[in-house]
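Enquirer: Here is what each chain is made of, one letter per residue.
Number of protein chains: 2
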Amino acid sequence: MHGFLIDLDGVVYDGDRVIPGAADAIAFLNQHHLPHLFVTNTSSVPARVVWQKLRFLGIEVPLRSILTPMIAARQWIRANGREPVAAFVPRPTLADFEGLNLLPPDVEVGARAIVIGDLGDQWDYRKLNRAFRLLDNAGEQGCLIALGMTRFCKAEDGRLRLDVAPFVKALEHSSYIEPTVMGKPAADFFQQAADSLSMPMSELIMIGDDIYSDIHGAQRCGMRGLLVKTGKFREQDINSDVRPDAILRSIADLPQWIRQQPWSEGLHEKPFVSKVLDAAF
Amino acid sequence: MHGFLIDLDGVVYDGDRVIPGAADAIAFLNQHHLPHLFVTNTSSVPARVVWQKLRFLGIEVPLRSILTPMIAARQWIRANGREPVAAFVPRPTLADFEGLNLLPPDVEVGARAIVIGDLGDQWDYRKLNRAFRLLDNAGEQGCLIALGMTRFCKAEDGRLRLDVAPFVKALEHSSYIEPTVMGKPAADFFQQAADSLSMPMSELIMIGDDIYSDIHGAQRCGMRGLLVKTGKFREQDINSDVRPDAILRSIADLPQWIRQQPWSEGLHEKPFVSKVLDAAF
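Protein chains in written order, with the working numbering: chain S, 28 to 308; chain E, 28 to 308.
Calculated from the structure, these hints are not laboratory results.
It is possible that part of the hints are untrue.
[As the list claims (entries may be wrong)] A few chain E residues that don't get close to chain S, going by computed Cβ distances all over 10 Å: (1) D43; (2) Q79; (3) G108; (4) C170; (5) G185; (6) H243; (7) G249.
[Claimed, not checked] Pairs of lysine to any residue, SDA-like flavour, derived with a Cα cap of 25 Å: (8) S:K80 <-> S:L90; (9) E:K181 <-> S:Q168; (10) E:K80 <-> E:L56; (11) E:K259 <-> E:R270; (12) S:K259 <-> E:D163; (13) S:K181 <-> E:D133; (14) S:K154 <-> E:Y152; (15) S:K154 <-> E:R118; (16) E:K181 <-> S:R153; (17) E:K181 <-> S:Y203; (18) E:K154 <-> S:G147; (19) S:K259 <-> S:S240; (20) E:K154 <-> S:A182; (21) S:K259 <-> S:C248; (22) S:K181 <-> E:N164; (23) E:K154 <-> S:P132; (24) E:K154 <-> E:R118; (25) E:K181 <-> E:R118; (26) S:K154 <-> E:R157; (27) S:K154 <-> E:C180; (28) E:K154 <-> S:Q149; (29) E:K154 <-> S:D133; (30) E:K80 <-> E:P117; (31) S:K181 <-> E:E199; (32) E:K154 <-> S:R157; (33) E:K154 <-> S:T177; (34) S:K259 <-> S:D190.
No residue lacks a Cβ here, since even glycine has one placed at the ideal position from N, Cα and C.
With the sequences and hints as input, model every part of the structure.
Expert: Here it is as structure tokens:
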């Protein structure tokens, strides 16, 4: 049994353009009952928006097959019994925390999970200090959850701006609490993905366009890493220290690659529904 | 030749109370021309305020014999030719940067030294992001100077609040630039103190009440550490991993301790002025 973790941006779509053949490749996984999960580091919009984007691009998948850092955090918090939650995230993404016991804003005691996202210019001393006090107050009972560890990103004016990691580092240093990171290439995030599929990491294959975050990150967790030459891929990636388990021109070549694998023999060449249709004509 | 670095709070005074005998001990150092410098981690007020406090407590010293993180930063910046300077410090302490080429607020390029102090609730995303952009823009030419690395302190309401270190950590992580720390126990700060006295560390003796910050910090730099049993000293400090080179009941015992040292033979038992006075009566 093999399962697939599939990066979205650069693998299934590139900005607002679908990667040619992506829909067919995903259909192939469905037809052959190969478990798969879409794993993305997006934390600026809720999973439902990612799901709608895929639909808009002609790719129909169940909402539950999309794993974002927020969704992974919610699952981790539930599995580890870490409510109430104090969430330092942009308001729209709170949709992904629906159902969790959320601490009201400004309360500085009582959280057992303190979640840090990219608040951008909404960060101020009072908010960061509140996160610190919540961590300090929670002691052994508390945990610091980082929605990724991106150091900086491009602001709308094209200049660099601070992302989530510096604020997590500030809190880690002041509270002496190590963060649990949700987002590639963190092991906790990949573990959350494996748990979602109820499969061991050793049976999972990560498909991504980032030689470090996707491929190296996956391999360090005992998964295999399959590099696609779309998205942010550059030819020099092939000469890096990281050796992908396979390299595909794009996700369109995934069905062909799977058919070449020794373990693919047990897969039905044609799905049941197609056979019935074939017989009908 | 021996020189002394003397911690202030807990050694010369305790809050608003002078340590009995401190004035005489300092007079002894003056009388015997033993070089000394007062080293404090205070960065919330300018050196002149520390100097006035000493005068108020009956201890007259030259202003230039007080080394605070701000003063050390100014000297370091001058010695290393790192102007212009962007200073993220409380406005009153800017007095200690008088004469330095300071970048106007809001300018996000052109600094060669980015100085981070405890801005408290004046920190916001725009300020921290500005510091990051200045560091990113300066590249190899830039340096990050931290006025101490205190993680948290007590707020006026008695609760803990974030101090300077978490903000330095945020900037270090995002800019990949290691901070130069001005404040005990950082080696850069002790070096600045030694430079101020124009003496090698091997000839310096640090007098402090903090077994880690003062004594261990000094010993790691090749100085000797002399622990006083005043201020924050606790009996269990004696059983810590750190072995002070000597332990005094208080700074009042310093003259007696110096007289017992083999190197004190060359010191005049009585200063010139006293001899004249003795002869006059």
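Enquirer: Work down the list of hints and note, for each, if the structure agrees.
Expert: Results for each hint:
1. Chain S leaves D43 of chain E outside its interface by the beta-carbon criterion, the shortest separation being 28 Å against a cut-off of 10 Å.
2. The claim that Q79 of chain E lies off the interface holds: its Cβ sits roughly 29 Å from the closest Cβ of chain S, which is beyond the 10 Å cut-off.
3. In this structure G108 of chain E is separated from chain S by more than 10 Å, as the shortest Cβ-Cβ distance comes to about 26 Å.
4. A cut-off of 10 Å between C-beta atoms confirms that C170 of chain E is not in contact with chain S; the least separation is 18 Å.
5. No Cβ of chain S approaches the Cβ of G185 of chain E within 10 Å, the least distance being about 12 Å, so the stated non-interface status holds.
6. Non-interface status of H243 of chain E relative to chain S is upheld: no Cβ of that chain comes within 10 Å, the nearest being about 19 Å off.
7. Even its closest Cβ contact with chain S, about 28 Å, leaves G249 of chain E beyond 10 Å, as expected for a residue assigned away from the interface.
8. A distance of roughly 11 Å separates the Cα atoms of K80 of chain S and L90 of chain S; the hinted pair therefore holds under the 25 Å criterion.
9. Taking the CA atoms of K181 of chain E and Q168 of chain S, the gap is near 23 Å; set against the 25 Å cutoff, the hint holds.
10. Of the supplied pair hints, the one linking K80 of chain E and L56 of chain E holds, its CA atoms being roughly 20 Å apart against a limit of 25 Å.
11. With a C-alpha separation of about 17 Å, the suggested pair K259 of chain E and R270 of chain E falls inside the 25 Å cut-off, and the hint holds.
12. Proximity of K259 of chain S to D163 of chain E is assessed by CA-CA distance (about 23 Å); at most 25 Å being required, the pair is judged to hold.
13. With a C-alpha separation of about 19 Å, the suggested pair K181 of chain S and D133 of chain E falls inside the 25 Å cut-off, and the hint holds.
14. A distance of roughly 11 Å separates the Cα atoms of K154 of chain S and Y152 of chain E; the hinted pair therefore holds under the 25 Å criterion.
15. About 23 Å separates the Cα atoms of K154 of chain S and R118 of chain E, which keeps this hinted pair within 25 Å; it holds.
16. The hinted pair formed by K181 of chain E and R153 of chain S meets the criterion: a straight-line CA distance of about 15 Å does not exceed 25 Å.
17. Distance hint between K181 of chain E and Y203 of chain S is fulfilled; the C-alpha atoms sit about 17 Å from each other, no more than 25 Å.
18. Between K154 of chain E and G147 of chain S the CA atoms are separated by roughly 12 Å; this keeps the pair inside 25 Å, and the hint holds.
19. With a C-alpha separation of about 12 Å, the suggested pairing of K259 of chain S with S240 of chain S holds against the 25 Å cut-off.
20. At most 25 Å may separate the alpha-carbon atoms for a hinted pair to count; K154 of chain E and A182 of chain S meet this at roughly 15 Å.
21. About 22 Å separates the Cα atoms of K259 of chain S and C248 of chain S, which keeps this hinted pair within 25 Å; it holds.
22. Using a Cα cut-off of 25 Å, the hinted pair K181 of chain S and N164 of chain E holds, with the two alpha carbons roughly 14 Å apart.
23. Between K154 of chain E and P132 of chain S the alpha-carbon distance is near 23 Å, which keeps this suggested pair within the 25 Å criterion.
24. Between K154 of chain E and R118 of chain E, the direct Cα distance comes to roughly 14 Å. Compliance with the 25 Å bound is thereby established for this hinted pair.
25. With a CA separation close to 21 Å, the supplied pair K181 of chain E and R118 of chain E stays within the 25 Å bound.
26. Among the hinted pairs, K154 of chain S with R157 of chain E is consistent with the structure: their alpha-carbon atoms are about 19 Å apart, no more than 25 Å.
27. Under the criterion of a C-alpha separation no larger than 25 Å, the hint pairing K154 of chain S with C180 of chain E is consistent with the structure, at around 17 Å.
28. Distance hint between K154 of chain E and Q149 of chain S is fulfilled; the C-alpha atoms sit about 12 Å from each other, no more than 25 Å.
29. At roughly 22 Å between alpha-carbon atoms, K154 of chain E and D133 of chain S fall within 25 Å of each other, so this suggested pair holds.
30. Under the criterion of a C-alpha separation no larger than 25 Å, the hint pairing K80 of chain E with P117 of chain E is consistent with the structure, at around 19 Å.
31. Using a Cα cut-off of 25 Å, the hinted pair K181 of chain S and E199 of chain E holds, with the two alpha carbons roughly 18 Å apart.
32. Under the criterion of a C-alpha separation no larger than 25 Å, the hint pairing K154 of chain E with R157 of chain S is consistent with the structure, at around 19 Å.
33. At roughly 19 Å between alpha-carbon atoms, K154 of chain E and T177 of chain S fall within 25 Å of each other, so this suggested pair holds.
34. For a cut-off of 25 Å, the pair hint linking K259 of chain S to D190 of chain S stands: about 20 Å separates their Cα positions.
When the structure is compared with the earlier hints, no violation turns up for any of them.
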